[in-house]
Amino acid sequence: MTTEPVRTAPPLAAVPAYTASELLAVMSARLLKDGQTVFAGVGIPLLAAILAQKTHAPGLTILFEGGVIGPFVEAGKLPPSTNEQRCTRRANMLVSITEVLLMLQRGYVDVGFMGGAQIDRFGNLNSSFIGDADNPKIRLPGTGGGNDIASLADMIVAMKHEKRRFVEKVDFITSPGFVDGSDSRARAGLPAGGMFRVVTDLGIMGFDEATKAMTVVALHPGVTPQAIKDNTGFELPVPADVAVTEVPGDVELAILRELDPARLYTA
Amino acid sequence: MTQSYLDLRQKTRERDRSLRDKVMSLEEAAKLVPDGASVALGGCTASRTPMAMLWALIRARKTGLTVSRSIMSTEGDLLYASGLSRHIITSWFSQGIVWGVSKVMRAYTESHRATFEEWSHMAMGLRYRAGAMGVPFMPMRSMMGSGVVDRAPGARTMECPFTGETLLLVPALNPDVALIHVQRCDAYGNAQLDGLSFMDIDIAMAANRVILTTERIVSNDQIRRHPDQTKIGFFTVDAVVEVPFGSAPHECYGLYEPFYSHMDLYAQMTAKDPDKGAAEYLERFHYEPKDWADYLSRIGMAELLDAQRRGSGIYDD
Chain A
0 MTTEPVRTAP
10 PLAAVPAYTA
20 SELLAVMSAR
30 LLKDGQTVFA
40 GVGIPLLAAI
50 LAQKTHAPGL
60 TILFEGGVIG
70 PFVEAGKLPP
80 STNEQRCTRR
90 ANMLVSITEV
100 LLMLQRGYVD
110 VGFMGGAQID
120 RFGNLNSSFI
130 GDADNPKIRL
140 PGTGGGNDIA
150 SLADMIVAMK
160 HEKRRFVEKV
170 DFITSPGFVD
180 GSDSRARAGL
190 PAGGMFRVVT
200 DLGIMGFDEA
210 TKAMTVVALH
220 PGVTPQAIKD
230 NTGFELPVPA
240 DVAVTEVPGD
250 VELAILRELD
260 PARLYTA
Chain B
0 MTQSYLDLRQ
10 KTRERDRSLR
20 DKVMSLEEAA
30 KLVPDGASVA
40 LGGCTASRTP
50 MAMLWALIRA
60 RKTGLTVSRS
70 IMSTEGDLLY
80 ASGLSRHIIT
90 SWFSQGIVWG
100 VSKVMRAYTE
110 SHRATFEEWS
120 HMAMGLRYRA
130 GAMGVPFMPM
140 RSMMGSGVVD
150 RAPGARTMEC
160 PFTGETLLLV
170 PALNPDVALI
180 HVQRCDAYGN
190 AQLDGLSFMD
200 IDIAMAANRV
210 ILTTERIVSN
220 DQIRRHPDQT
230 KIGFFTVDAV
240 VEVPFGSAPH
250 ECYGLYEPFY
260 SHMDLYAQMT
270 AKDPDKGAAE
280 YLERFHYEPK
290 DWADYLSRIG
300 MAELLDAQRR
310 GSGIYDD
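One line per chain: the protein sequences are A and B, in this order. With numbering that gives the first Met the number 0 applied, the first sequence corresponds to residues 0 to 266, in that order. With numbering that gives the first Met the number 0 applied, the second sequence corresponds to residues 0 to 316, in that order.
No wet-lab data here; the hints were simulated from the structure. No residue lacks a Cβ here, since even glycine has one placed at the ideal position from N, Cα and C. Mixed in with the good hints there might be a few duds.
Claimed, not checked - Within a straight-line C-alpha distance of at most 27 Å, the following computed DSSO-like cross-link-like pairs (lysine-lysine) qualify: (1) B:Lys30 - A:Lys136; (2) A:Lys76 - A:Lys136; (3) A:Lys228 - A:Lys168; (4) B:Lys271 - B:Lys30; (5) A:Lys76 - A:Lys168; (6) A:Lys136 - B:Lys275.
To be verified - Okay, the calculated beta carbon distance ranges per label pair: (7) B:Lys10 - A:Gly106: 53 to 59 Å; (8) B:Ser311 - A:Ala242: 46 to 52 Å; (9) B:Pro138 - A:Gly205: 52 to 58 Å; (10) A:Lys32 - B:His111: 21 to 27 Å; (11) A:Gly205 - B:Glu116: 54 to 60 Å; (12) B:Ala59 - A:Phe71: 41 to 47 Å; (13) A:Pro260 - B:Gly299: 45 to 51 Å; (14) A:Gly106 - B:Pro226: 43 to 49 Å; (15) B:His111 - A:Asp207: 17 to 23 Å.
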């Protein structure tokens, strides 16, 4: 974890019209579909979900871990966590934390959506320990609802693409992806859900149907396969005919900037 | 770890659960929390934290508590730094995402001076739920396949006798004492909660003793006009303390939002030297004030008014 990320081809140099965080939010928002129910963490996931509501998915239902069902968070009043009153604006229903997490277990949530500190080839996420768990270099805040969401829903993860974050094997599995690959997730007692997409500032990743190893689904404009290689700590193949995403549009960026004028999450 | 069912019932039987006046001061309520007790906190992150009660326990120099909560924010730091608790059971522990990883939590856990026992958020909820239900465990479908389960004391898998599936069992949590802050309750402890209830209702039912702090005490007649709004029943409650702004600098739904500038000040004070910073913060805001009003004065009138203006705005169109 001491390796500093090396960027041979900064993807934003050619198009400095948006920040890496804005790119993440826009690309993630586009993955959400109208009518879905999404369990969103605070930060980029929340921004992306609201952006989707305000563009192509007005019927998107957002769930917050604090016990909130179907809110419309006000522009300029983003909550600092999913447990403050700001999360409840114009919600349909407020329930306890335990009830909202049980809805996830019951199967009412289509997509779980969160950020990540460290991810590995099989989509396992670490937000607990950097280094050995018994003697960590850094004690991170832990799972929160992350483990529950990753265990019980189809997941979208939004995070910066850096070598120290994309590692062969996470130091600790806080939130399980496909564990050791193939059918090991189901064998561990998690028959439902799993990683669907990982959205980064370089591209969009998916997972192989059989091996459950991460693959590249699309690259953002101006990003080369070499940039993926340079910023990933494991072998992440880029297909020759890989798709290229469309740059963030003016409307999408304008909505994001109205939502987060203080740039809490999009700096 | 899991209490015997008959012991649990015996402890309940021994409590005076009658409809009686339970109003007392913070200092008197602090005496109901013995050193070494297991204590559950209501609220979540920076919301409805029972800050005034923790403040009173820190001032009373209580020690050795095992403290559990859905998610811990700055109050977790203060528990470690004051010595009130060196063992915290929770799902997430830091001031809040916008402030980054807690330096105080890191300093204490990385030097092995304190324990941060991590469970998933749903596991915390179901542990309290099992405690509230009077059963020794609850089955659930997360945490398996992760490292979290290996480090969670008492969690174990079982084969479902009906389906043959693998399920995780999490042990009941029946705290000795629950500390819960509410918007209003009567002198008997009938509490009405506005907004997010977090895990508070289960915590109140699970605990062997409940101390309520409340923004204001209302009459029993007022409670009886809207009994559907009563979320915590008098029969679970042992003490009622009226403390305006009792969650400051955290939020109390509909009344005040977090005191953001003060939260920034706290983050600054603990950024460089977490030990020294937390000690200075405790001195200035916990040990020195002559009373709760003095604590609020030290946070500042401008901050209080700002938090209140933002807080009451949740009901505006």
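Next on the checklist: For each hint given before, does the structure comply? Return the numbers of the non-compliant ones in rising order.
Outcome noted: The structure breaks hints 1, 2, 4, 5, 7, 9, 10, 11, 13, 14 and 15; every other hint is satisfied.
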